[in-house]
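**Student:** What follows is the residue order along each chain.
Protein chains: 2
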Amino acid sequence: MIIEILATGDEIRTGAAIDSNSAHIAQVLEQAGLEAIRHTCVGDDMDIMVSIIKEISGRADIAIVTGGLGPTSDDITAEAAAKAKGVELVLNRSALHVVENFFKTRKRTMSPSNKKQAMLPKGAESLNNPVGSAPGFVLKIDRCWFFFVPGVPFEMRRMLSDEVLPRIEKLYGRTDELSLVKTISTFGLTESATGELLDGLSAEYPEITTGFRSKFPEIQVKLYIRGTDDKVLGKILEKASQWVLGKLGENIFSMNGRSMEAVVGGLLAEKQATLAVAESCTGGLISHMLTNVPGSSGYFHFSGVTYSNEAKTKVLGVSNEVLQRYGAVHPETVKQMAQGVKRVAGTTYGLATSGIAGPDGGTDEKPVGTLCIGVATPHDVKGFRFFFPFNTRSMNKKLFAMKALDLLRRELRG
Amino acid sequence: MIIEILATGDEIRTGAAIDSNSAHIAQVLEQAGLEAIRHTCVGDDMDIMVSIIKEISGRADIAIVTGGLGPTSDDITAEAAAKAKGVELVLNRSALHVVENFFKTRKRTMSPSNKKQAMLPKGAESLNNPVGSAPGFVLKIDRCWFFFVPGVPFEMRRMLSDEVLPRIEKLYGRTDELSLVKTISTFGLTESATGELLDGLSAEYPEITTGFRSKFPEIQVKLYIRGTDDKVLGKILEKASQWVLGKLGENIFSMNGRSMEAVVGGLLAEKQATLAVAESCTGGLISHMLTNVPGSSGYFHFSGVTYSNEAKTKVLGVSNEVLQRYGAVHPETVKQMAQGVKRVAGTTYGLATSGIAGPDGGTDEKPVGTLCIGVATPHDVKGFRFFFPFNTRSMNKKLFAMKALDLLRRELRG
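One line per chain: the protein sequences are A and B, in this order.
For the first sequence, the working numbering puts the final residue at 430, and the numbers step up evenly by one.
For the second sequence, the working numbering puts the final residue at 430, and the numbers step up evenly by one.
These are computed hints drawn from the structure, not numbers from a lab.
There may be inaccurate statements among the hints.
A pair counts as met if it fits within one copy or between any two copies, since identical chains are not told apart.
To be verified - Mimicking PhoX-like on lysine-lysine, the simulated pairs with C-alpha atoms at most 25 angstroms apart in a straight line are:
1. Lys231 - Lys414
2. Lys70 - Lys138
3. Lys198 - Lys255
Quick caveat: nothing in here was measured; it's all calculated off a predicted structure.
Just chain A, with the same shape it has in the complex (with noise of 0.2 angstroms):
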């Protein structure tokens, strides 16, 4: 079976947006044991939209088709359907309920312009879309089954696993091979280097196929497996997966896609210990990914960022003495950091950074890229001093917290 994705629109073609649609509908398929084999990208032009879609009838047997059925005029991904396949858009009765009752259950008018988005070509069924006005719709032309859903991504979604997946299933029955993948996150190694480490792999588990991910800063090792027997199958992955661990160790952080703000939050709820951080140069964003974990309420207490030196001796408690001896971004400074955010907030654990994320405030001693971090434990208190080459904020801003967070875990663990 052939399957195929197409995004419209030229918002995606332009470039304006990234299309993350067709990622997530690869990864629901794979999931399903189905594999999608081209995903494509087209703007709102009708001649080439009637074209491609023409193109992948005669060649596909599935095809997934996200963007433009929304209300306003650069929506016409229903007309180019009608007319690749030759036929009328007329009302469609069944859409219209979708639409009205979309407005209807959150008490809202309707608008004339939404009535457009139950016009659907001849012979279409209506997709529901529980959760946006834009209903979807399946329809054959040649020899492939259409399915057109809307483009906003959480309608998308659940419009995929509620309405298309079914009607896959129901068509070409549930497949019996499985696909299944271990998803080993790293930090630490470049690519190439895990890639060396992990030479001998493909020899010793031929089953198994590999694809490295650059997620920076981290490196995915993505371990894929094809068949029909779960059980054999899942200890194949098991056994190349401990493979795995035995060549990269503790760059290895978690075996099974974890962020690494969840594993350090996972560890430091296993030991009921208490967190608290003081940043600098990483400006919030340690906070951030830590609570973007649910349940972080429970073990992450308080983070301090403090910008301002004023801020570093007020609320942290930081010696105007080392500041002006050592400076803001100092292995000793980092040090007071911790411990200070740890006093303040009462907990176990004290995190702190301080560094140069630029693109100024570099100088010859402490250039852009310079971090500092300081980890306090119930016990002691560490400082350590690092170089990164890179040299763009954002870059700089996720690598320094992901090496806190990697340096704070690697304690936990002890």
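Keeping the supplied structure of chain A fixed, place chain B upon it in accordance with the hints.
**Tutor:** Structure of chain B alone, referenced to chain A:
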């Protein structure tokens, strides 16, 4: 001239990674007056890769291909290109120089697997990579010039501007056609409401193409215009922008693509005002956003991420009485937080958030999505309460942070 973009890699095809490269390439091409009409993505499969390269070689004049040039076993792009053209892979001296130079300038030892990166299709011209170990290359297949660059975003970006674009201009001459785009960023209206308010735009300005981009939680209105006379296009675009401003008013926070945090930062700097933030439910995101702006240390002094009530009283001086009487999520509490953080940091403005980001912690009285914001100005302090009907933690954090910054923006504009 027909231009296409091809992204390769199983991590993108399977959706494990989102393809942000194609969007960047399309955007850079647009700015140069060049239109990519189609993006395609395929996985690391030799047959499929060879066939898509052949397909593109027959219909496009220029193709930019990303990914698969690294040192690991899943990097097969050079081989696929050689097969599509029907030539051998040979050691390319100048590509080898790029690889060797990378390791030499970084004082690192080159590993054997990196030598593979200098094996290019016979007849290919290598492209310099000043920031990574993988050289790119140019190869003409059939009617199409293919530019192959690495998939690592910052390497690809650098090579696109330094190596690829100058060669395209050499091949086809600078294009006379210009493409101008204006990005108008709004917050507070839905996409369909925005679209309806702008309903008469295309009648008034038929030269303008309008696009709507939902970049949660903001809605961007994009105005596109193409033509040859820079000045004429600029004037029409400016007039149309003013027309849009007249319709959307204060819901617009930026007319030049700047982020909310950059706009707020600009207003603070203009007023020589300073800011401190007290974050509860937003967990550091407001601080992270503000400090993403270079130069933010000039006006942003301190943020207290006070997740625990203890931190709210101890660091910000919120009274126990208020906390007991109203709870942590209440306009009175955030007023005290905003005043407290302003006092502690000695700034002219204080901004505070407290709310329920979910997924847990909601009650009947204060369900998930409840948000309180406090704004302390030089003269007074205001407390607000809002409710947003989303229920994912990450969406709520984004929306809450944006709402708080937007209130501050409106306050600063007076």
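**Student:** Each hint needs a verdict: does it hold in this structure or not?
**Tutor:** Status of the hints after comparison with the structure:
no. : hint            : in the structure
1   : Lys231 - Lys414 : both (11 angstroms within a copy, 21 angstroms between copies)
2   : Lys70 - Lys138  : within (17 angstroms within a copy, 36 angstroms between copies)
3   : Lys198 - Lys255 : within (11 angstroms within a copy, 54 angstroms between copies)
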